[in-house]
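Engineer: In case you want the letters, here they are:
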Amino acid sequence: MRFDRVEARQVTKIYDRHRALHQVNLSLEKGQVMALLGPNGAGKTTLLWMFSTLSTPTSGTMHFGELPPDRAKEARGQIGLLSHSALTYGDLSGLENVAFFGRLYGAADPVGEATRLLEDFGLKEAQERPAKTYSRGMLQRLGLARALIGRPSLVLLDEPFTGLDRASTRTVIDRVHQLRQEGAMVLMISHDMETTAELADATAVLVRGKLEGVHQGRLDTHALRARYAELTEGKKEAVA
Amino acid sequence: MTTNLELFDQKDGLKTPPLLITLSVVAAVLMGVSAWMVFFYAPTEKVMGFVQKIFYFHVPCAWMTLWSAPLMAFGSIAYLATKKDRYDRLSDAGVELAILFGTLVMISGPLWGRKAWGVYWVWDARLTSFLVMVLTLVACKIVRAYAGPSAKTIAAGLSILAVVNALFVWVSVDLWRGTHPPKLVATLQVEMKQVFWLSVLSFHLAYFAMLWARLRMGKLRTALDRLAIKSTEAGLD
Amino acid sequence: MSPERSVFGTLVDAWRITEKDLLVELRTKEIVLTMGYFGFLVVLIFSFAFFQDGATISSVASGILWVSIAFAGTLGLGRIFEREREGDCIRALLLSPIPRPSIYLGKALGVLIFMLVVEAVVVPSVYFFFNLDLDRTRAGVLLLTVLLGTLGYAIVGTLLAAMLLRARTKDVLLAVVLYPLILPVLIIGVKATGILVQPEPVWNELSLWLRLLGLYDAVFLVASLWIFEPLLLD
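Protein chains in written order, with numbering that gives the first Met the number 0: chain A, 0 to 239; chain B, 0 to 236; chain C, 0 to 233.
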């Protein structure tokens with residue numbers, strides 16, 4: 000069951016003596032690419048996990064389409080996550096990894112779909128090699144192929160451009176454009192202002208667990224830097 | 000899910016409730032009185048002699064352990080279902096009380112057993128199930144201390160398993176053999192019964208005072224955590 | 000996809016996870032080899048420790064068998080879940096639409112298969128070092144006992160290893176938490192095997208023990224399936 004809107008309402012997350020998120024309100028619409036910016040330790044990854052359903056808010060609610068918040072976990076098959084690590088098995092080949100997850104997502108032709116995705120991400124030559132022999136950039140692309148095998152409505156990317164060379168960065172950027180055209184939602188954590196400016200339809204800035212501002216609409220690199228500096232200025236630990 | 004971060008009233012929420020103090024004092028006095036009566040009022044039993052007096056402590060301790068089991072099972076199940084901190088505090092309090100009274104049972108039991116059966120330890124149904132439960136609950140406390148962010152959830156799961164396991168052991172070892180003394184209370188002399196029930200009463204009062212105090216401590220700790228968050232955010236760290 | 004998929008679907012998804020674990024293990028052979036060799040070493044050390052008057056005391060064989068299985072099992076449990084933690088794969092599994100019980104059952108079946116392979120080494124070593132002499136019936140019942148005991152071990156061990164997946168000091172914690180909970184399996188296993196190695200086994204008592212072991216497996220399977228779901232949310 001696809002959904003075309005996600006929303007965090009008054010989401011607060013507390014770990015012991017640390018408040019990672021404080022009353023965050025954020026929503027994404029169908030076909031929207033949103034960048035999530037903020038200094039280290041701002042709670043960006045925590046917020047991304049809230050959107051992945053793998054973490055639940057201490058207070059506040061998550062809304063996936065029409066699902067009531069207490070049934071949010073039913074949305075999980077429609078969410079693709081690319082995290083810091085690739086979320087793949089080192090001893091399996093690239094193809095085996097993606098096909099394995101394809102089967103779990105109930106793909107009609109897991110091997111065929113996996114082959115096509117790997118080709119899209121330039122991993123055709125390496126698809127029979129164990130994933131542990133992949134370089135950082137290749138793993139990142141493999142992770143993305145894995146995240147997309149279930150044709151997700153919501154794609155969550157945690158710093159997708161870290162460690163990628165120019166060509167790989169290009170591949171990922173093109174894919175995000177394609178996802179937008181297909182009507183998926185993309186929430187992306189990034190430190191890279193240029194790629195963010197090129198991709199984002201909206202920008203949210205998180206500082207110390209609080210949402211400092213959401214800018215709807217595109218910004219060029221220059222405007223984005225200025226806006227980011229303005230929102231994080233004077234805030235403790237604000238090191239971009 | 001609650002958005003209210005204030006656990007206590009501003010005015011007098013932090014003061015120890017007078018009823019808790021009263022309950023603790025009464026429990027302490029009654030404990031002293033019943034201990035005196037055990038040694039100076041209750042007659043010495045013919046077969047077992049002086050060792051029989053352990054019975055006045057051993058049996059109430061076992062009952063208190065049994066009280067703790069449904070308490071922590073309820074707290075743990077409710078915590079897993081709702082993830083509300085208050086159920087976690089109930090579960091933790093139950094676990095600690097079960098460890099305390101369960102340990103007392105296992106110290107007093109063998110002293111009796113040495114006289115009655117000639118050995119300190121037998122793999123009797125009740126002893127074994129108490130031992131298994133206490134061991135698992137100790138593991139539960141260790142997990143709580145060292146497991147990191149998901150410790151509360153793990154502790155809840157473990158204490159449920161501890162209860163299930165204890166029930167299983169009880170049933171299974173009972174089928175195997177039972178050397179435990181059968182229900183003794185009915186056969187006691189009148190003075191013995193009086194002392195026994197007084198002891199049971201004082202243990203209950205002490206138990207509820209401890210439970211209450213432990214729950215309050217947990218609540219205070221949560222409030223302190225929240226306060227720490229606020230002070231950090233206000234730049235006071 | 001709704002989480003209320005059929006029982007059959009749950010089992011199919013579980014098998015996919017087991018299949019994946021078996022494939023990885025066939026490539027690396029790491030878990031089964033280290034567990035099997037360790038189990039053999041434990042039996043060897045015990046047989047040396049109980050060596051008296053030119054022979055090893057066979058009455059302790061049943062205890063040694065189960066202690067070796069328990070030790071080797073702990074080693075394997077830690078490793079099979081370490082594979083899910085490397086590369087954070089467990090998150091990808093949890094995010095996929097398969098029901099949570101599938102993940103649990105798939106992992107438990109994998110653990111069971113690995114342990115049975117290891118026992119193919121441990122049981123004959125005990126037989127050999129402790130000079131056991133079993134006829135065909137008793138050998139068959141011994142295998143049944145080992146199977147039931149291992150099943151219980153896998154059921155509880157998998158749940159605990161999954162629980163402690165994200166704990167900081169999980170290797171130490173797993174042993175601390177696992178042994179009290181599987182104490183019934185060990186007690187019953189030791190008792191049943193002890194009866195079997197005698198020349199004239201008491202079949203009545205033995206059947207009681209085996210039924211208890213089966214009951215343990217059933218009770219903990221149900222409890223584990225029920226506890227597994229809420230455990231893996233943060």
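Because the hints were derived from the structure by calculation, they are not lab data.
Quantities reported herein were computed from a predicted structural model and do not represent experimental measurements.
Treat the hints loosely; a few may be bogus.
[Unchecked claim] Derived CB-CB ranges, DEER-like:
hint, chain 1, residue 1, chain 2, residue 2, range
1, B, Leu166, A, Pro68, 28 to 38 Å
2, C, Leu40, B, Arg215, 47 to 57 Å
3, A, Asp108, C, Leu10, 14 to 24 Å
4, A, Arg70, C, Leu10, 39 to 49 Å
5, C, Ser58, A, Asp108, 55 to 65 Å
6, A, Gln9, B, Pro17, 44 to 54 Å
7, A, Tyr14, B, Leu219, 15 to 25 Å
8, C, Leu22, A, Asp3, 36 to 46 Å
9, A, Pro68, B, Leu19, 36 to 46 Å
10, C, Arg210, B, Ala227, 47 to 57 Å
11, A, Val213, B, Lys229, 22 to 32 Å
Note that the Cβ used here is the ideal one computed from N, Cα and C, for glycine as well.
Engineer: Does each hint hold? Answer for all of them.
Structural biologist: Tested hints:
For B:Leu166 and A:Pro68, the Cβ-Cβ distance of about 36 Å falls inside the hinted range of 28 to 38 Å, so the restraint holds. Taking 47 to 57 Å as the suggested C-beta distance range, the pair C:Leu40 and B:Arg215 conforms, at roughly 52 Å. Checked against the hint of 14 to 24 Å, the C-beta distance between A:Asp108 and C:Leu10 comes to roughly 22 Å, which is consistent with it. Taking 39 to 49 Å as the suggested C-beta distance range, the pair A:Arg70 and C:Leu10 does not conform, at roughly 24 Å.
Checked against the hint of 55 to 65 Å, the pair C:Ser58 and A:Asp108 passes, with Cβ atoms roughly 60 Å apart. For A:Gln9 and B:Pro17, the Cβ-Cβ distance of about 38 Å falls outside the hinted range of 44 to 54 Å, so the restraint is violated. The beta-carbon spacing between A:Tyr14 and B:Leu219, approximately 19 Å, falls within the hinted interval of 15 to 25 Å. For the pair C:Leu22 and A:Asp3, the beta carbons lie near 37 Å from each other, so the given range of 36 to 46 Å is met.
Look at A:Pro68 against B:Leu19: about 38 Å separates their beta carbons, and that is inside 36 to 46 Å. Look at C:Arg210 against B:Ala227: about 54 Å separates their beta carbons, and that is inside 47 to 57 Å. Taken as a hint, the range 22 to 32 Å holds for the pair A:Val213 and B:Lys229, whose Cβ atoms sit roughly 25 Å apart.
The structure is inconsistent with the numbered hints 4 and 6, although it conforms to all the rest.
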